[in-house]
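A.B. asks: For reference, the chains in residue letters:
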Amino acid sequence: MHWSINTPLVIVLLLNLFMLSVSRMRSLIYSAAAQGVILSALPLLLEKRIDSMIIIVALVTAAIKGLLIPQMLHKALRDAQIKREVEPLIGFLPTMLLGALGTAVSITFAAYLPMTQTGSSTLIIPASFSTVLTGFLLLTTRYKAITQVIGYLILENGIYIFGMLLLAAVPFLVELGILLDLFVGIFVVSIILNHINEAFSSLDTRQLTALKE
Amino acid sequence: MEMSLTLLALALIAISGVPGLMARRRDSWGQSIATILTVSGSVMGLVGGFVALVTGRVSMARLPGIWPGLPLHLRMDSLTAFFTVLIFLMAAAGSVYGHGYWRQAKHPTTGRKLRFLYGLLIASMVVVTLAYDALAFLLAWEIMALTSYFLIATEDHKPECRQAAWVYFVATHIGTLALFAMFALLHDASGTFLLLPIPVAAGLGIETAIFLLALIGFGLKAGIMPLHFWLPGAHANAPSHISALLSGVLIKIGIYGLLRILTLLPNPPAVWGVLILMLGTANALLGVMFALGQHDIKRLLAYHSIENIGIILMGLGLALIGLAAHRPVWVVLGIAGCLLHVWNHGLFKSLLFFSAGSVVHATDTRDIDSFGGLAKRMPWSAGLFMIGAIAICGLPPLNGFISELLVYLGLIRPAANVAAGGWAAVALGAGALTVVGALAVACFVKVFGAVFLGVGRTDVTAKAHESPMSMIGPMTVLAGVCALIGIAPIVVVLPLGHAAAAWTGDAAVPRRLAAALHWETLTIISTSFAAALVILMFAVRATRRHAMVPRVPTWACGYARPSSRMQYTAASFAQLLVGLLRWVLCPVTHGKEPWQLFAPSVQRHTDVPDFITDRVGFKAWNQFKRWLMPVRRVQQGSVQEYLLYMLLALFLLLGSLIPIESIFMHVMGR
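Going line by line, the protein sequences match chains A and B.
The numbering used here numbers the first residue of the first sequence as 593 and each following residue consecutively.
The numbering used here numbers the first residue of the second sequence as 1302 and each following residue consecutively.
Simulated from the structure, these hints should not be mistaken for laboratory data.
Note that the Cβ used here is the ideal one computed from N, Cα and C, for glycine as well.
Any given hint could be a false lead.
[Claimed, not checked] Sample of chain B residues at the chain A side, in silico, Cβ under 10 angstroms: (1) E1942; (2) L1944; (3) L1955; (4) S1963.
Isolated chain A, as found in the complex (with noise of 0.2 angstroms):
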């Protein structure tokens, strides 16, 4: 049982770390669909008895996080004619080390949480931490503006993880929600995107201190 729910957070933990080290826009959201895909499959792993319902989740999931989002995510970076290259603050060396080091540090904390038993067994908690902190450090390591919403869009994922924790107690219905959010979240900020880049013809995030008084 463990092994069929590990295997796929192990393809995550893997992929947080790519995206971490990754120097290509291209790549960073095709992998940031993958992950998403691997996700969305997990409640059919958790769930004892599958019905149509959460089969339905699963598909929508899947098809708004790997298809939707990342080609929005490609069009904006078609229309407002960037680089297609991902601007770091520090390196991709050190963020990927530090990326490793919040993975170990969450795998340790996690075994001292106060948890019930399916949470303390699997790699549900580590891997949820290790992605949250995988959102924050692209969203505070990198400047322009579509890697930050790459970053809001990872650290959904993190709390989507931590959510399978819940599974009995949060209906899916709920879940769609979030989605639902997400997607009109990336939806409204691949449109502020083109505005920026009209008003500072950038899309540094840099640029955006010119704002404050």
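With chain A held as given, fit chain B onto it using these hints.
C.D. replies: Chain B only, in chain A's frame:
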């Protein structure tokens, strides 16, 4: 019934600006809806308020709060109703006035937000007066502070508006801080967050602490010197109907708060009364003196608000001294003068701001020395300004006279009574009030003369035009109420008695108030005086109609080419008095004096900077800024940094989850 009417009115006014938010920029239907809703709400509120005032009943309500298990308690007694009546009247007048003054078509970008915030501000002020627990009070107080901040900053593209609003923002939050401390102490003393009187056993120490905190917190709102520093800038830079609301109503909410908290403190010692009386006297004197030196018509009116808050405080101080000295007559005269002046000042100051606004509307400037001769072009505004000016100077037969008469009589009473002993010194306040009255007359002669009489000094007056009916109408109503209270003061005896009784908690007060003054005689004298004035006016008109008024140039000591710029300016008119009061006002003169043969062209102008805002305030502000520079480094506007702060906060929160003790035990155990 009065409570439900008030609550309904409140709800109507609060949402009055909401439909307009959905209107397009150029559409004016949102404005019409807002005005209709505000006026109909105000009528309900006025009915509710008057029912409560006339019957003297107390009604309670409990609203579901923002948090489960924490309902908001509301209570309406005559003191509350006394203030809600003022708020609702001003809300209606200001809303109709704003219809003409701040037309949506002319102000497409600011009109919608202004009306939305206007409704919220009115509603929050009503809730402040209704609040019966600390939560409701503070909640409404904060909404009031924020909405008024945004209203002052209506024209936020102008740097001076942003600065005035910012100063107000700082002031109001210092005040709120003091109020939080005060309510905490009140809770300590009384054991409940309801506004219930604290037990005598709580001790004088905690009572005095509560009193002083209330004085700071409410004093900042009321503009008690030296806490008035936000007031002149804010009043000058807000749109005129907002200035009227700030000056006529908002600062009175500060007075209301002080009055309400004083009802909770048993046996106020005489020294509080003396303190308030002295503060009031200083406020009145300094307020009118600084008003004399101003060039900006709305700034000048703002300083007069400070003066009138002083007169209100003098009444309150006398009432407190009376309570401590067990002199019911002093109490009645003092609190009645205080309360009636709250109404009166609200009425005539709004009238003055409205008519000043009408002048500003026509000329686009606030500089008194740019006007001149406007009485010919704007006869209605001039006449209504005149009525407001007579009322604010405390001259009969208008309302200012009645309330100042009450304060005068109360202040003289201790001196007239041999048994009063040392309290005879209180009568010095009456002397100060006389000086204030005389200076106010001088000041308004200056304003009226420079703005409305003579001939136009600059070409801004040439394009001046009379304001539309929607602006003149509310001004006429306010002038009418001023005249009604002045001519027939007997109409206020009943509401005033009930409100004063609600403050003192003594049922005998209405009877004492009716006996304290010969109200019938006063009414007859005032009415006949007013009638005589009106007859005289018509008689002069009738004789003048047939006479030819010759138009000849003024004799200018033989100078051959007199120009319109050679009239008395406001500054030269006030120069004598400003010079005499140099030691208080410290006027600043810019430019050289033309002391040479064949004088060259020179420019001179004088200024009376505010002693707190301009002299102390900005220095202190800059010093603060220097100290707080290291903190500003945290706030650099970088998204990445902000996210990092969030991450750190998250780590701290998660860190608190780590069971350090058990880890420690675990390691030690092994």
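A.B. asks: Take the shortest C-beta to C-beta distance between L1955 (chain B) and chain A; is it under 10 angstroms?
C.D. replies: holds, 8 angstroms
A.B. asks: Given S1963 (chain B) as an interface hint, is the shortest Cβ-Cβ distance to chain A below 10 angstroms?
C.D. replies: This interface hint holds because 8 angstroms falls under the 10 angstroms limit.
A.B. asks: Tell me if the interface restraint on E1942 (chain B) is satisfied: Cβ within less than 10 angstroms of some Cβ in chain A.
C.D. replies: With a minimum Cβ separation of about 8 angstroms from chain A (threshold 10 angstroms), the hint on E1942 (chain B) holds.
A.B. asks: Can you verify the interface hint for L1944 (chain B): is its Cβ closer than 10 angstroms to any Cβ in chain A?
C.D. replies: holds, 5 angstroms
Comparing the model with each earlier hint shows no violations; every hint is respected.
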